[in-house]
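Colleague: Using the hints, position chain B against chain A.
Chains A and B, in that order, give the protein sequences. In this text, residue positions in the first sequence follow the working numbering: the first is 1, and each later residue adds one. In this text, residue positions in the second sequence follow the working numbering: the first is 419, and each later residue adds one.
No incorrect hints appear here.
Straight-line alpha carbon distances no greater than 20 Å define the calculated SDA-like cross-link-like pairs of lysine to any residue that follow: (1) B:K501 with B:T444; (2) B:K429 with A:H313; (3) B:K468 with A:T226; (4) B:K429 with A:L312; (5) B:K468 with A:G68; (6) B:K468 with A:H253.
Residues from chain A that face chain B, not an exhaustive set, calculated with beta carbons under 8 Å: (7) H253; (8) P255; (9) L256; (10) S258; (11) Y303; (12) T304; (13) S305; (14) T307; (15) A311; (16) H313; (17) D404.
No wet-lab data here; the hints were simulated from the structure. Computed from a predicted structure; not experimentally measured. A virtual CB, placed ideally from N, CA and C, is assigned to each residue, including glycine.
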Amino acid sequence: MSRQSFSGLSLIWRGLSKHRGWQQQWRKPEPKARYDAVIVGGGGHGLGAAYYLAKEHGMTNIAVLEKGWIGGGNTGRNTTIIRSNYLFNESAALYDHAVKLWEGLSQSLNYNVMFSPRGVMMLAHTVHDIQVFKRHVHANRCNGVDNEWLEPAEAKEFCPLLNISDDIRYPVLGAALQRRGGTARHDAVAWGYARAADALGVDIIENCEVTGFRRGANGIEAVETTRGVIQSRKVGVSAAGNTSVIMALAGVHVPLESYPLQALVSEPVKPIFPCVVMSNTIHAYISQSDKGEMVIGAGTDAYTSYTQRGALHVNMHTLDAICELFPNFRRLRMLRNWGGIVDVTPDRSPIIAKTEVPGLYVNCGWGTGGFKATPGSAHVFAWTIAHDEPHPINAPFTIERFRDGYLIDEAAAAAVAH
Amino acid sequence: MLLIVCPYCGKRPELEFTYGGQAHLTRPRQPSQLDDQAWAEFLYMRTNTKGVYAERWRHARGCGRFFNALRDTTTDHFLAFYKTGEAQPVLATPPDQRAQPASSAPPAPPAPPGPGGRSA
Numbered sequence: 001m002s003r004q005s006f007s008g009l010s011l012i013w014r015g016l017s018k019h020r021g022w023q024q025q026w027r028k029p030e031p032k033a034r035y036d037a038v039i040v041g042g043g044g045h046g047l048g049a050a051y052y053l054a055k056e057h058g059m060t061n062i063a064v065l066e067k068g069w070i071g072g073g074n075t076g077r078n079t080t081i082i083r084s085n086y087l088f089n090e091s092a093a094l095y096d097h098a099v100k101l102w103e104g105l106s107q108s109l110n111y112n113v114m115f116s117p118r119g120v121m122m123l124a125h126t127v128h129d130i131q132v133f134k135r136h137v138h139a140n141r142c143n144g145v146d147n148e149w150l151e152p153a154e155a156k157e158f159c160p161l162l163n164i165s166d167d168i169r170y171p172v173l174g175a176a177l178q179r180r181g182g183t184a185r186h187d188a189v190a191w192g193y194a195r196a197a198d199a200l201g202v203d204i205i206e207n208c209e210v211t212g213f214r215r216g217a218n219g220i221e222a223v224e225t226t227r228g229v230i231q232s233r234k235v236g237v238s239a240a241g242n243t244s245v246i247m248a249l250a251g252v253h254v255p256l257e258s259y260p261l262q263a264l265v266s267e268p269v270k271p272i273f274p275c276v277v278m279s280n281t282i283h284a285y286i287s288q289s290d291k292g293e294m295v296i297g298a299g300t301d302a303y304t305s306y307t308q309r310g311a312l313h314v315n316m317h318t319l320d321a322i323c324e325l326f327p328n329f330r331r332l333r334m335l336r337n338w339g340g341i342v343d344v345t346p347d348r349s350p351i352i353a354k355t356e357v358p359g360l361y362v363n364c365g366w367g368t369g370g371f372k373a374t375p376g377s378a379h380v381f382a383w384t385i386a387h388d389e390p391h392p393i394n395a396p397f398t399i400e401r402f403r404d405g406y407l408i409d410e411a412a413a414a415a416v417a418h
Numbered sequence: 419m420l421l422i423v424c425p426y427c428g429k430r431p432e433l434e435f436t437y438g439g440q441a442h443l444t445r446p447r448q449p450s451q452l453d454d455q456a457w458a459e460f461l462y463m464r465t466n467t468k469g470v471y472a473e474r475w476r477h478a479r480g481c482g483r484f485f486n487a488l489r490d491t492t493t494d495h496f497l498a499f500y501k502t503g504e505a506q507p508v509l510a511t512p513p514d515q516r517a518q519p520a521s522s523a524p525p526a527p528p529a530p531p532g533p534g535g536r537s538a
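So that you can see chain A by itself, here it is in the shape it has in the complex:
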C-alpha cells in the first residue's frame, strides 16, 4: 500500500495547506482467522518485533495483539534513557546492538523518534563506586562500547548545574560518561514502529486481550482473545509486567516478579540540562525533555504489584537526591507522576528465548530499563521467532540459564536495579 512519506518538505507543504491531507498512520483492522505469527503486546518491543519480522524475514501475515492501546504501557511511561555501558560481554553486545539501531532508526522508519545522543553520565559517590565504574569503563572499552572516566570538575563541565561541592551528604567523586547514550521520544518509537509495520502489512489489533492458548501435539495452535480465536503456529509474547500472567495461560513459568516503577516530570522550563545524569548510589535519574520538563525516574517499590502506581515516599527519596545534586531545581514544581509495572528477573537481565512449548517465544524480564533496548530486543526477538532459534546476540538470554547456572548477573555488577 502506498504510504505518505515524511520529510521536511512534506511538513512545510502540509503546513502551508492548513494541515489537510495527513493520512491515518496505521489501519484499525479486524483480526483475521489465521496468521503466520502473532505478537502479544503492542509496546515498542512487540511492535518492533512485528516490524523486523515483516521487513527482514518476509513474514507479512502477522498481527500484534494489544489489550489496551499501543504504547500505553511501559513504552509510554518510562524516562527514555538509552545507554549500553553494561559490564558483561553478553549484556554489552545486546544493548550496544540496540544503540547502533537507535542511531539509524528515524531514517529506517521514516519517522522521527528524536534519538538524541546527548551523553549519559553516571555519578560516583563512594570509593566503591569509583572502583566499579572504572571497571565498567575498561570492560566496556574491551567490548567496543564507548565509556570514559571524568573527574568531578570534568563532570561539572559536561553538566554545569551539577553540584560538586564537598559539603553535601554524598559528594560527587567522579563520573562515567557514555557519549553515545542519550534519550529518544518514547511515544514516537511506538508510533513509528506501528506505522512502519502497518505499511508492510502487519495487522495492529488494539483492545484485544489474550485470554488463553490452544496447544496441540506440535505446540501452539491458536490464541484465544477477547475478539475471538486466532490461529497461529508462532506466538511471541512481549507483555512486560504482565508476562507471568500470559505465560501462565500457556502453562509456562518464567522467573519474573512484577514491581511498580514510578517516574515524574516537572513543569516545563527553558533548555537548561544538556545531558542525562544518573546516580545509582543515591538513586537519581534526570534529563530534560524537548518540551522542557525535567524527566525524573524514581525507584521500584519494595513489593510486587500490578496496580501501575507506587508510593509517594519512593518519589521523595529520588527528589531528595535531585535537590542535593542540582540545588537550582529546589523550587521547581513537579507536574505529574505515574507508575508502570516492570518484570524483573533474578539476575536483572532479560529473557529473549524459545520456551518449552514449540512455537511459543518470550521476550521479557527487562525490569526497569527496557526502553533503551527496544530496537535491539525487537530485532533479535524477530530473528528468534522467524528462525525458531536464537540470534547469537540473544542466545545467552534463555530461561534455562537459571537452571544451568549461567546467570548474566548485572544485578550484582551494579548493585542496583537497572
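Modeller: Chain B alone, transformed into the frame defined by chain A:
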C-alpha cells in the same frame, strides 16, 4: 504508602518494614537429592500472582520479626496478616466480589489475629 499491621506491634507505616517476597516457600529437606531444575524452581521461580498473594514482611524497624500477609496485587489492599508458622487464611469471598476491602477495618493495634482469621 501501605499501612501494614504487624501481628506483634499493630498498624505501622510501610517505611518500618522490609519486604520478604513470596511466603510459604520451604527449603528442600533433602538438598542433595534435588536436580538442577528443582533447585532453579526453589531459588528463582515465584508465582508472581496477579490477585491474592501470600507474602512475607519483616518489621525491620520495629520488633524485627517476620510475619505473613495476604494482599491483592491488583489493588494493594491487604486481606489478612498472620504469624509465621500459621496456615494461610482461607478467604470467604474472592476479593473482586468484596464490596468493602477488609483493609479499611483494621483491628486494635496489639491484638494479633487468631489462627486462620482475617485480621485486616
